[in-house]
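Engineer: Got chain A sorted already, so can you dock chain B onto it with the hints?
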Amino acid sequence: MSNLPETPTHRFIPNASEDVREMLATIGVRAIEDLFASIPADVKIDRLLDVPGPWSEIETRRWFGQLASRNKTAVDHATFLGGGAYAHYQPACIDQLLLRAEFLTSYTPYQPEVSQGTLQSIFEYQTHQSMLTGLDVANASLYDGSTALCEAVLLAERLVKNKTKVVIAKSVHPQYTETVRTYVQNLGIEIVEVGWTSDGRVDGEALRQACTADVFAVAIQSPNFLGVVEDYDAITAATAAVTKIAVVAEATSLGILTPPGEHGFDICVGEGQAWGVPTQFGGPYVGFMVVRDALKRYMPGRLVGETVDVDGRRAYVLTLATREQHIRRGKATSNICSNEALIALAANMYLSLMGKEGLREVATQCLQKAAYLRQKLSAIASVTLPFAGPTYNEFVVRTPFPAAGILGDLEHEKILGGIPLAQFYPGHDNDFLVAVTELNTREQIDHYAAALSAAISRKRR
Amino acid sequence: MSAGDTTMTPVLEQQEVAAAAPQRILREGLIFEHSKAGRRGYQLPALDVPEQALDQLLPKPLRRAAIEDELEVSEVGVIRHFTRLSKLNMSIDAGLYPLGSCTMKHNPRINEEIARTPGFALSHPLQPAHQIQGSLELMWHLEQTLKEIFGMPRVTLQPVAGAHGELTGILMVRKAQIKAGNPRTYILIPDSAHGTHPASAAFAGYEIKELKSNSRGTVDLNALAEAVTEDVAALMVTVPNTLGVFESEIKKFAEILHAKGAFLYCDGANLNAFVGIARPGDMGIDVMHSNLHKTFSTPHGGGGPGAGPVGVSERLVPFLPSPTVERAADGTFYLQYDHPDSIGRMRAFHGNFGVLVRALTYIRSMGPEGLRRIAEIAVLNANYIRARLKSSYYLPYDAATLHEVVFSDKMQSAQDVHTLDIAKRLMDYGFHPPTIYFPLIVAGALMIEPTESEPKEELDAFCDAMIAIAQEVKERPELVRTAPHTTPVRRLDEARAARNPILRWKK
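Sequences listed follow chains A and B, in order.
Note that my numbering has the first sequence beginning at 10, numbered continuously upward.
Note that my numbering has the second sequence beginning at 87, numbered continuously upward.
So here's chain A without its partners, still in its complex pose:
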């Protein structure tokens, strides 16, 4: 290091030359480099790293601003994109509150006496999750919907002995299933996929047949990846003896759809992004998991419980920690440590602001507006909606032309019109997924229908 120039001070690093001199004297060494004597010379680098900077905030804003402007987004487009990431209303006060340093710059509440803000908020978040899903016990958060499904599958596998198969509906978010495949590849767990019928719902008969004696769990998603709302009762009837996992990838749907916990499901996992979290290119989001009471000691991740302090005051604390990696190490229920606490806090704020009425109204508006677009599109000659089952705010559209071309035409009209299905389901070249939320205006929806109609007419010519 000695052959490198003296490092200048930096705005994020308070200690400067005078402090350094005094501190070195206290430590009893001559120079900072003496403190690094334990790093062998042959692994040290004798140059500075070849990276740009240091940038002032002015330069930082300029460069990143240019980069951000290369994305085509809802900034200047009407967006109808879903597929597990939805644009919903974000109340202004949430982000302001999240920026409070006491939330933003604290860490895992291992010391409850100075972390009651975080702990109480997690307890409230757990309560919301429980009420919305109709199940008993929610954890403090998991990474996202896909890894929450992984954890649910692993939890279910621990409940039984000598069963090796999990049945996952083909209409579960394909990237979720792909993630499960990665997680279980060395654990002797086999994934059996079950398809859908013409209405877009999971094939009940195939499901029944797939639930053989070596199956420990079944996972379905509702609304599923095709946008179709599943019939929980039909699925529980078809899958009697196995652990039933419901996946919810569009969390606002819980404002109107019947909760899985009331229909025989044991575990509900999902993605909380729709509760007012920006789509931000896929993360950070917040995975949730809610289980029947009997499963709570198998739960992955952190749990907050109520207790009292020595003066008898109600207080909150991380609990049932013997499930976790820092105690149980190689035998823990999960390896998760850092989770998505700040996003769970945002979700708690969203659910608190929207409340009983707001959750219902958001869901109703999504349903009504999506239905309005559905009907407009189905009125266009040669447009079909291939799946007849009931939908919430998302559905599949089919035209006689490849989806990418049609969506490209919509993009010219400043519409981000959907997600081609073929990347997930080979053969569905002409199909794409369209999502509508309370943010889409009637004007946008009318424009969408007109633009799609025009695009098809042009292609016909």
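The set of hints was computed from the structure by calculation and includes no laboratory data.
Glycine included, C-beta positions come from ideal geometry on N, C-alpha and C.
Treat the hints with care, as some may be off.
[To be verified] Think about it this way: if two alpha-carbon atoms lie no more than 25 Å apart in a straight line, the pair counts; the simulated BS3-like pairs of lysine-lysine are:
| # | chain 1 | residue 1 | chain 2 | residue 2 |
| --- | --- | --- | --- | --- |
| 1 | A | K385 | A | K423 |
| 2 | B | K560 | B | K496 |
| 3 | A | K340 | A | K170 |
| 4 | A | K305 | A | K340 |
| 5 | B | K233 | A | K385 |
| 6 | A | K385 | A | K170 |
| 7 | B | K476 | B | K346 |
| 8 | A | K53 | B | K233 |
| 9 | A | K305 | B | K298 |
| 10 | B | K298 | B | K496 |
| 11 | B | K337 | B | K233 |
| 12 | A | K305 | B | K593 |
| 13 | B | K295 | A | K340 |
| 14 | A | K340 | B | K298 |
| 15 | B | K338 | B | K233 |
| 16 | B | K295 | B | K346 |
| 17 | B | K295 | B | K233 |
| 18 | B | K542 | B | K476 |
| 19 | B | K122 | B | K593 |
| 20 | B | K338 | A | K53 |
| 21 | A | K53 | B | K337 |
| 22 | B | K265 | B | K346 |
| 23 | A | K340 | A | K385 |
[What the hints assert, rightly or not] Restraint ranges, calculated between C-beta atoms of paired labels, are given here:
| # | chain 1 | residue 1 | chain 2 | residue 2 | range |
| --- | --- | --- | --- | --- | --- |
| 24 | B | T418 | A | T450 | 50 to 60 Å |
| 25 | B | S499 | A | I67 | 47 to 57 Å |
| 26 | A | R306 | B | G181 | 30 to 40 Å |
| 27 | A | D59 | B | R202 | 23 to 33 Å |
| 28 | B | G181 | A | Q384 | 53 to 63 Å |
| 29 | B | Y480 | A | V38 | 19 to 29 Å |
| 30 | B | P145 | A | R167 | 35 to 45 Å |
| 31 | B | Y423 | A | A249 | 53 to 63 Å |
| 32 | B | A414 | A | T18 | 21 to 31 Å |
| 33 | B | R202 | A | S391 | 34 to 44 Å |
Structural biologist: Relative to chain A, chain B alone:
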């Protein structure tokens, strides 16, 4: 009261405090307890499409009744509630938060501003490549930058936390071993390791063999040589280790492992100790995760979100998670899914993109000199604390340490005062406690990591508090044993919480 007066009971003192400051005992109720019929915290525009009967859109059996007990709270109520809750937390913005191994450094607000740029915040993960060139280019630049910092040929940005990165890394190791003919059975893990290591290794289908540390607290070369057989897939080490001691023989670890076809995994949680000074790739490390929420300043947010990118050596490149971000010959960016040997996808979409934006913002703000300065001052600060406290607290390992220092309660336990008590008493002095009872190889560990963000004055105030507590232990041990006395709540009945778990509010 005199300093030597041990007859004063802390209970009285607590009552005095309460009487002097009655608001201290006022508690913020649960948000559910603020609910009142008719209040509301939101407003949506009126529905602007023709309203249809719900029964036509969604059959009744699929619809839920009212969401029982959900809230009716005003916006004012919500803002007051969360503002009051926030005041019950300590935070890095308010002062030193010296959790060892957590690297609680300053979280620059420019990171937050850039991540909220609408072009990033509103970009959607399933848009086609031509619509998301900005997001892809940012990820590409972050990978190039981390490659240079790590000294490794490729880095995946998909993992969203340290433990997630560990699992990613060990899955790659396993895939590579399978490809070489045999997955092997064991992962070697030193007894000083973080609990996620054995948990991640188990999730990848491995059994764990623990390596005992030597008298310096580091991996013993002979013990390692003996333990590495053809049935060992990898060694997982932390550099510097959880005592803050650099594994000086790291290159020899790599040689021993590589000679037997095994890999060297490095937990990069402590990269803050040597960023810009040495590079993992140059040490023979095959795979390393780095916690962007530690070394690269993204906020910890009360427990997350984080991000845990993983760098790999050439041998492991084919096994990286899919997709990768690539730059085409024409300078455009795209997602590459064609990786036949990939372990697969670790998560839906592209990882915690918002955290990646913050980390790149920070790295650009620091620049090459700044990155090296991080390690220099972080190590200086930790050694300053070590020098100031070593006569008041027992130092179980006296090897040179880098960015953190681990003391124990050995000198205090004679008075029946233990690490937990010291940690709680620190709160009364206005400091968040260090990490305690970790690493497990130190009985009663107090693991202190100040980071480069702390000015000398803050370090002095912390050391003064620690020294004062050591004095209190001698003179008024009960005061320490019953601490904290001035926090929003005092010690909690944790056994009760676990015995009879109450995990949600009920009406």
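Engineer: Any of the earlier hints contradicted here, and which numbers?
Structural biologist: Per hint list: 5, 6, 7, 9, 17, 23, 24, 31, 32 violated.
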